[in-house]
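Asker: Starting from the known structure of chain A, arrange chain B with the ligand on it as the hints suggest.
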Amino acid sequence: MSYQELFPIPVEWLEDADRSMAETVSAWGEQEVKARRLEHKEDYDALLLPAMKKLFLDIGLQTLLLPEERGGGGMNSPEAATTATAVLENVGAADTGIGFVFANSLALQYALAIAEKRSDEALGSAAGVFTGDDVSLVSLVLPGYGTDTGDKPRYYGLDFPATARKADGGWVVTGGPARPQCCGASAAAFAVVCDLGEGVPGVLLVPGDAKGVQRGPAFKKTGLAASANADVTFDGVEVPSSALVLEGMTALRGMLSWYYMACAAVCAGSLQSVHEILQEWGDTRVIKGKGQIFKENPLVASLMGEIGGKMGTSRLLTYNLARMLSKPDVYGNAGGGNLHVTAISAFKQVGRLAMEAMDNTMELMASAGYATEWNLERYWRDVKTVETYVVPETVAETCMARQYFNLKQL
Amino acid sequence: MRTIDDFTRPLEYLTPLDRYLGEIGRRWADTEVIPVRRDFDEDWEHHNLIEPCFRSLQGEIGFQRMLFPEDLGGWGLGHSGYMGAGAARLFEEVARADSGMAVAFGVLFWPLVMICVEPHVNRRLCEQFAPMFMQERPVFAANAMTEPQGGADIENMEIVGGSTIQTTAVLEGDEWVINGHKLWPTNSGGVADLFGVVCTTNPGSKDPNDLAFIFVPADTPGCTQGGPYEKAGMAADKNSDIWFDNVRVPSWYRACGPGLDAMYFKEVISLGNLGSISFVSGSLMNVFEILKDFAEETTFRGKPLKENDDAAGVLADFARDVDIIRVLTYQYARMLDRPDLYGDRWSDEIVAKGRAYKYFACDKAVEDLKRVMNLMGAHGSDRAHDVEKHWRDLKIVQLWMGGKQLCQMEVARWFYECETL
Ligand SMILES: Cc1cc2nc3c(=O)[nH]c(=O)nc-3n(C[C@H](O)[C@H](O)[C@H](O)COP(=O)(O)OP(=O)(O)OC[C@H]3O[C@@H](n4cnc5c(N)ncnc54)[C@H](O)[C@@H]3O)c2cc1C
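Sequence lines, in order, name chains A and B.
Read in order, the letters of the first sequence correspond to residues 223 to 632 in the numbering used here.
Read in order, the letters of the second sequence correspond to residues 1088 to 1508 in the numbering used here.
Pulled out of the complex, with its shape left as it was, chain A reads as follows (with noise of 0.2 Å):
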């Protein structure tokens, strides 16, 4: 049984399209990033950026949700939520950096394609960032822990990574250095989330080769070895007023919903070969002497029984997260208060039930779970690397009490 069948989903949710499109990303990554790990393993220009050119230029993720008019995808509407899903879940089947990568994109994309309140100045001034001929990698910049005391405007009290003020008609960024979601040394553009004038936070544009811009050193990290990371400072930077992607909390909290639920796809997507890792092993390995099964014993199976309990949960928390994006007329804007939780709570139990899953499937593989010939190893990594980034626990559980319990002070 495929494992699509094993952890169903509402399947009326994904159109014949959404489906093919899957197909298409799991042959990718099944020939592209899984049959060259082994003599590649995690090496960024031998395997990681030519599959990660296959996938945004060949296959057209780069462009996905923009209009075709402005040589896109045309998958500009909300419905899209569930298609990325799929894609990213089989992305992130593959290779758990790559799908944080194209989160990344996908989030702006979203903020410059399909929201609410989007801009067709940005989205006409942005476009060139996608639609070129080199992969065009986009990193997010959000608000973060600080370093120093007093009082400024704060995003629920992290500080803004950047401030932005007008001037000649366009913007003025200034701020940092700034930890970036990923891609800080390989970033085409980014996505900064900054203070526009009295904790108004917006997002803007700004080009990676913009004046200004300078980057730190690539930083090693735990995982996400197809993000080259690096801190990043604005100084001063010039851009247009066309470079605006966004403007307001609801905005903000929209494209973070759509980030959110893409992480959360990217990391059940890593589920999938967790599962299929564990499945080869618990077939073939023998324990307690000779001749018990290893899956066949009870105490095993129990936490098989689980770590199978968590791929299910997982899957279907990201799916209906993304159902509930992709109808706004229904469930209310992505930055709705309501929904804004949602998306926070969904990914933030997923993480934590994939890696609760990952640790059970190495406590199950034991030494072969810990050595890197196994796979297992690299998605734990990474997903923990993810679980890290996307948003601080306190800030999460923060957000969660406010909505949950009517919070009025935090």
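There may be inaccurate statements among the hints.
Taking lysine to aspartate or glutamate and the EDC-like style, the derived pairs with C-alpha atoms no more than 16 Å apart in a straight line are [unchecked claim]:
#1 B:Lys1393 / B:Glu1383
#2 A:Lys276 / A:Glu245
#3 B:Lys1379 / B:Asp1473
#4 B:Lys1393 / A:Asp370
#5 A:Lys263 / B:Glu1317
#6 A:Lys517 / A:Glu498
#7 A:Lys433 / A:Glu460
#8 A:Lys263 / B:Glu1383
#9 A:Lys275 / A:Asp356
#10 A:Lys263 / A:Glu252
#11 A:Lys275 / A:Asp355
#12 A:Lys442 / B:Asp1473
#13 B:Lys1457 / B:Asp1408
#14 A:Lys517 / A:Glu528
#15 B:Lys1353 / B:Asp1431
#16 A:Lys442 / B:Glu1129
#17 B:Lys1457 / A:Glu578
#18 B:Lys1379 / B:Asp1396
#19 A:Lys442 / B:Asp1128
#20 B:Lys1390 / A:Asp370
#21 A:Lys256 / A:Glu498
#22 B:Lys1353 / B:Asp1435
#23 A:Lys263 / B:Glu1129
#24 A:Lys442 / B:Asp1404
#25 B:Lys1390 / B:Asp1404
#26 B:Lys1353 / B:Glu1245
#27 B:Lys1390 / A:Asp373
#28 A:Lys442 / B:Glu1376
#29 B:Lys1457 / B:Asp1404
#30 B:Lys1379 / B:Asp1410
#31 A:Lys517 / A:Asp505
#32 B:Lys1457 / A:Asp581
#33 B:Lys1393 / B:Glu1376
Among the chain A residues that face chain B by a calculated CB cut under 7 Å, a handful are [as the list claims (entries may be wrong)]:
#34 Thr371
#35 Tyr377
#36 Gly379
#37 Lys443
#38 Asp457
#39 Gly511
#40 Ala588
What the hints contain is simulated information worked out from the structure, not anything from laboratory work.
As the structure is a prediction and not an experimental result, all values here were calculated from the model.
Built from N, CA and C at the ideal position, the CB exists for glycine as well.
Answerer: Below, chain B with the ligand alone, put in the same frame as chain A:
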């Protein structure tokens, strides 16, 4: 200012050498390892950076000698009455710097336990192997038990009774002839000079008399090792395949003899569990140091992270667990140091309790580190902070030595007197 030394230890259990071991270990870690450890991951294959750190710890400071009797150049820890507490202190300090180094260092003593520790000192083998370790270069031993078909079964002495061991030892005249294939021993991959090899003299037998623990110098003809495996962490510990192809060693290279090898091998397990708990304790103490700095320097809601109630909750849980695990470390060390009070180190009770403490400490550590990484956000998975390194490294401490499920079974078996598990 609060430091890691404020984590509790039962003071009456410590060795008279505690202060010296601690100070020497701490200085070595701070000056030689911590400044360079961030590059250890890339050094997994060649150990260009790692080897000099071992050289000073083991060869120059001389810790590799410590288990052997004094008259053979050792420090006599094997008959000191505080082997457990001494080892715990030193392993903690080494693991604070790098738990991969701690395991490589700890395992150097592991097979030697069979011959250097009272009441089963094998004087002839001590005399034979002591000179190997009285050198300025780092010398390692390895404990070769895991085989391709599984490690957990070999450690599952109660139920499986050695019946799955496929490495055979046949006595021909006054020599053992050993054939077999081992996987994963720490300090394989060309590192160790000496192997302690778990063999069977009668394949398929569950009779304890048929389990043999035999020493094999690594340069014995017929003994070959593969290259090190690449793994999620613990770069300082090399692991590989070892093949024994008609390897011949003198008959007196068997550690203790029929029945006794199997019995004292359980003591090896107990000490392995003590080592594992100390590695956890030391690593967590280092995470505490890093976390404390991070939570002071980083701001959230306009004040230091640690001054936010929600963050403080996570910080508190972490400190609570470090404190408990440290107490547990020394409690188990004490139990091993005082068999007159707690029972033999190889008894089922001591083995089961060691398993319990080990998997408690490991489970807690892995969960705690995940939370700490989440609290630190993008910095949690940044190698510059080393927290993620401890997380990757400690995951294997949870998995090795038979894996968690074997721990659960042994604990259930002892406390609930299960008969069939
Ligand atoms: C860094 C590192 C260092 C190591 N150092 C050494 C060393 O120094 N010497 C050495 O000999 N080996 C060493 N090992 C190997 C390690 O001890 C084994 O990996 C471990 O014992 C588990 O064996 P295995 O990997 O063969 O898994 P298996 O034996 O196949 O066990 C796999 C899983 O099966 C399950 N299982 C096993 N038995 C039972 C049971 N009775 N009931 C229910 N479930 C069960 C558990 O989930 C277990 O995790 C090391 C491994 C690593 C990664």
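Asker: Evaluate each hint against the coordinates.
Answerer: Comparing the hints with the structure gives:
1. B:Lys1393 / B:Glu1383: holds, 6 Å
2. A:Lys276 / A:Glu245: holds, 15 Å
3. B:Lys1379 / B:Asp1473: holds, 13 Å
4. B:Lys1393 / A:Asp370: Holds. Lys1393 of chain B to Asp370 of chain A sits at ~14 Å (cutoff 16 Å).
5. A:Lys263 / B:Glu1317: holds, 10 Å
6. A:Lys517 / A:Glu498: holds, 14 Å
7. A:Lys433 / A:Glu460: holds, 8 Å
8. A:Lys263 / B:Glu1383: violated, 38 Å
9. A:Lys275 / A:Asp356: Given that 16 Å is the threshold and the Cα spacing comes to 7 Å, the pair holds.
10. A:Lys263 / A:Glu252: holds, 14 Å
11. A:Lys275 / A:Asp355: holds, 10 Å
12. A:Lys442 / B:Asp1473: holds, 11 Å
13. B:Lys1457 / B:Asp1408: Holds - the C-alpha atoms of Asp1408 of chain B and Lys1457 of chain B are around 13 Å apart, at most 16 Å.
14. A:Lys517 / A:Glu528: holds, 13 Å
15. B:Lys1353 / B:Asp1431: holds, 10 Å
16. A:Lys442 / B:Glu1129: With Cα atoms ~11 Å apart, Lys442 of chain A and Glu1129 of chain B stay inside 16 Å; holds.
17. B:Lys1457 / A:Glu578: holds, 10 Å
18. B:Lys1379 / B:Asp1396: holds, 15 Å
19. A:Lys442 / B:Asp1128: holds, 10 Å
20. B:Lys1390 / A:Asp370: holds, 7 Å
21. A:Lys256 / A:Glu498: Holds: Lys256 of chain A and Glu498 of chain A sit about 12 Å apart, inside 16 Å.
22. B:Lys1353 / B:Asp1435: OK: Lys1353 of chain B and Asp1435 of chain B at ~8 Å, within 16 Å.
23. A:Lys263 / B:Glu1129: With Cα atoms ~14 Å apart, Lys263 of chain A and Glu1129 of chain B stay inside 16 Å; holds.
24. A:Lys442 / B:Asp1404: violated, 28 Å
25. B:Lys1390 / B:Asp1404: The given pair, whose Cα atoms are some 21 Å apart, is violated under the 16 Å limit.
26. B:Lys1353 / B:Glu1245: Holds: Lys1353 of chain B and Glu1245 of chain B sit about 10 Å apart, inside 16 Å.
27. B:Lys1390 / A:Asp373: Roughly 9 Å between the alpha carbons, so the hint for Lys1390 of chain B and Asp373 of chain A holds.
28. A:Lys442 / B:Glu1376: Violated. Lys442 of chain A to Glu1376 of chain B sits at ~21 Å, over the 16 Å cutoff.
29. B:Lys1457 / B:Asp1404: holds, 12 Å
30. B:Lys1379 / B:Asp1410: holds, 15 Å
31. A:Lys517 / A:Asp505: Within the cut-off at roughly 7 Å; holds.
32. B:Lys1457 / A:Asp581: holds, 11 Å
33. B:Lys1393 / B:Glu1376: Roughly 13 Å between the alpha carbons, so the hint for Lys1393 of chain B and Glu1376 of chain B holds.
34. Thr371: Nearest chain B Cβ about 5 Å off; hint holds.
35. Tyr377: Given a least distance of 11 Å, the restraint on Tyr377 of chain A is violated.
36. Gly379: Cβ of Gly379 of chain A sits 4 Å from chain B, so the hint holds.
37. Lys443: holds, 5 Å
38. Asp457: violated, 21 Å
39. Gly511: holds, 5 Å
40. Ala588: Since chain B brings a Cβ to about 5 Å from Ala588 of chain A, closer than 7 Å, the hint holds.
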